[in-house]
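2 protein chains.
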Amino acid sequence: MFDPVSFDNLLRPKSVAIIGASRTRGFYWVRSFLEYGFPGEIFPVNPKEKEVLGLKCYPSILDVPQEVDFAIIAVPAPIVPKVLEDCAKKGVKLATIFSSGFSETGTKEGVLLEKMVAEVAKKVGVRVFGPNCMGVYFPKQGLSFRPDLPKESGSVGFISQSGGNAIGIIICGSVWGLKFSKVFSYGNAADLDSPDLLEYLRWDEETKVIGIYIEGVKNGSKLLSVLKKTTKEKPVVVWKGGVTELGSRAVASHTGALAGSAKIWESALKQANVVSVHSLEEMIDVLCGFSFLPPPKGKDLGIVSISGGSSVVCTDVAARFGFNVPELPRKVQEKIRSVIQPVGVNVKNPIDLASSFFNFDAVEFALREVMDCVDVLIFDFQVHYLTLRESFGERGIVEKMIKIVVDIGCEYLATGKPFLIVLPLTFCENAWLKSKRSFQKAKIPVFTSITRAANTLSKIYNFYQRKRLRE
Amino acid sequence: MFDPVSFDNLLRPKSVAIIGASRTRGFYWVRSFLEYGFPGEIFPVNPKEKEVLGLKCYPSILDVPQEVDFAIIAVPAPIVPKVLEDCAKKGVKLATIFSSGFSETGTKEGVLLEKMVAEVAKKVGVRVFGPNCMGVYFPKQGLSFRPDLPKESGSVGFISQSGGNAIGIIICGSVWGLKFSKVFSYGNAADLDSPDLLEYLRWDEETKVIGIYIEGVKNGSKLLSVLKKTTKEKPVVVWKGGVTELGSRAVASHTGALAGSAKIWESALKQANVVSVHSLEEMIDVLCGFSFLPPPKGKDLGIVSISGGSSVVCTDVAARFGFNVPELPRKVQEKIRSVIQPVGVNVKNPIDLASSFFNFDAVEFALREVMDCVDVLIFDFQVHYLTLRESFGERGIVEKMIKIVVDIGCEYLATGKPFLIVLPLTFCENAWLKSKRSFQKAKIPVFTSITRAANTLSKIYNFYQRKRLRE
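Sequence lines, in order, name chains A and B.
For the record, in the first sequence the residue sitting at position 26 is 706 according to the numbering used here, with numbers rising by one throughout.
For the record, in the second sequence the residue sitting at position 123 is 803 according to the numbering used here, with numbers rising by one throughout.
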């Protein structure tokens, strides 16, 4: 039986041992704990070293003079079962087996070794991540599997069968403002598997949104039942690796998992009101949507742009994702028209401001007027029109415009209406970065394209709709 | 009748007049010509100014003492027909009508004014871009519609009904290495329309690949017939705005065009072997594919990655786009295995190098070994693993790795095999930019995700396949 409360205790160790042979990789682990200011004792274990990064190094975990709660095991596969037994003798309660060379090799020896690991873990009562994984990233507790990951904590929980994708979600997600409560990489799942970790994140109050990258699962019906329970409380986004025949062959070589039929997965996930995604970008987008946007109350979209072409395109894409772009009431149209230039603009919705984009009072007025007429507002922020004018001496207009959009964006979000920015990457890379960071700081999500924004909106809308229907 | 040879002459004016009332916008045009080093005379025309940016300003175009070949008309809509007549009197042969306030307003007056423009143009024999457009970007000739666009010339020709999307393709495309021969923005198409401009780009030797953003066309069968002719010689990529009902309403307010049924468009474009895309990003990706990659000879894909999870995902996505990821011949697998670490890697294809990623000789060896076994190679470049190691003192490894990948990438491309990089945007933004620029300098295309890469490969593969079948 998996108990989230006692598991949560395991995630707050007072000391950690890094049992690793490799000078490079083993040291990374030590460095991670040092960098993160892990609040307990750190014990490197390696018979070939006296000292690692200023810390005394012990030949075996049994030589460590104090208690050890948590162990990272990074030794060659054949000696992992023995090391795990030593860990248990030392009182270790949680271990991450980083080593690979188990069932993912497809060899008899590998499969057998993994079975031994599972048996030892069960026998001695040590909970195990892996083998073939990165374990735990829990920044609040000073736990990380890489020294350079963000130290700030957030409300996204993530479970990944792949270590690479666990790193990927953190380092790519942080570009878009995602911050994490806990990220677990569990690899071949000899002991801890996705249902356990999901059960934990469901229980965990720090976690508001959950993402999962999964390649295969040993107990599918158990996972499904935890998913069903969880989506009644929190959004869960699942990205399944190995959905194609070729992909499932790659899965076998990666985590030794059986990928299962794509159709069965797809229908099971739908049944559980899980949001399915098919790439890292899509996972990041949807987690951002759930993290930063209130549930859309309807499908009426407002679109504000500086370019007629772009507003046409935004409308097309929005419509393709099932949104409506309603013509604004005539009164509102007239009000907006009264403050902007008379020609070359469209005030019906999509609103094409054309060169009135540079009349900041008008932009502010228009954005506020639209608020009552739509369920969601998308602002197409084409910052390069502003940098061009800055280059001719109109100083500070990028910042001025950002401030207006941030202020109004926050007003929308405060009244419970989703507001988001489409910010295409152009050659003004610095202005792009600056704008992106400013919006993210204000917790307004940024998407590089209307397609990504509309896809995200549609997925979060559908999730909340189905959730309501199931209540 | 449209004759590309004489049109080409019009695009090489010896003098230009900028007839504009607005102090801001009219000056931008003047600035563009100055910035671009337009090789002829520049005559600002404005009765309210004596001098513009150091150039003498004339009250009317008729007051200009020398000949004028090309005119930019940026005056209020009602006086455009009169100004156009003056232009003709002065001997102007080509004009860009930037002014808006014509058929796109949906008013009787607007429609009538546009009809007058078309009639005057026909009567006096001036070829006209617009109204409601940006006209010509032709960097080799010193013609641009914005002062800050790239000055370097390339081989992509682009036709855009929308001025915003004409700017968009240049400023967003340049981030991904696209360079342009000519970009035309033609707005409401009172005179010059997409079939003419396409006919010109077909004829133009500087142009190797053609992209089109189109909202509607007056003579659909003419466009179709030019498209059919053109795709026998050059790839043509079309992005249709206003494909949804909502989008077509936005089109009417934008360029006054009739958007037409999406289904009819889709089937006509397919008939003509045109590559259809549905967003700016996709347009950029596919133009990059055609610009930088040789035609794939088959659908066997090689994938090289540092991460098992990422290689699973790459395989899934490739399979979804109809590619094969063939297991490498046993001999090749053994050869690769002999130079890399024994565990935690997959040498079957996808190749998951795991920590052998840092053994540069092994990476080089593996990439070269795979060359004969596949039709296309995708290298999943996760630069953040390298920056992490650099931060621990292994200096210069990002550059070293880039060099190896560039060298081998060029070898692939030289033997006629597509080679491309997947480079996800991570928090190591500087390393990302540096890698991106290095690959682009070597003419190796870069995509931010496997989905975008595989979609592009599939579109260019299908284009060449159909082209062969029609030959």
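Treat the hints with care, as some may be off.
Copies of the same chain look alike in the list, so a pair counts if it works inside one copy or between any two.
[As the list claims (entries may be wrong)] Keeping only pairs whose Cα atoms sit at most 30 angstroms apart, straight-line, the calculated DSS-like set for lysine-lysine is:
1) K1114 to K831
2) K788 to K1028
3) K898 to K1080
4) K770 to K1097
Since the hints were derived computationally from the structure, they do not count as laboratory data.
Owing to the predicted nature of the structure, the values given are computational and were not obtained by experimental measurement.
Checklist entry - Of the numbered hints stated previously, which ones are contradicted by the structure, given in increasing order? => result Hint check: 3, 4 fail, others pass.
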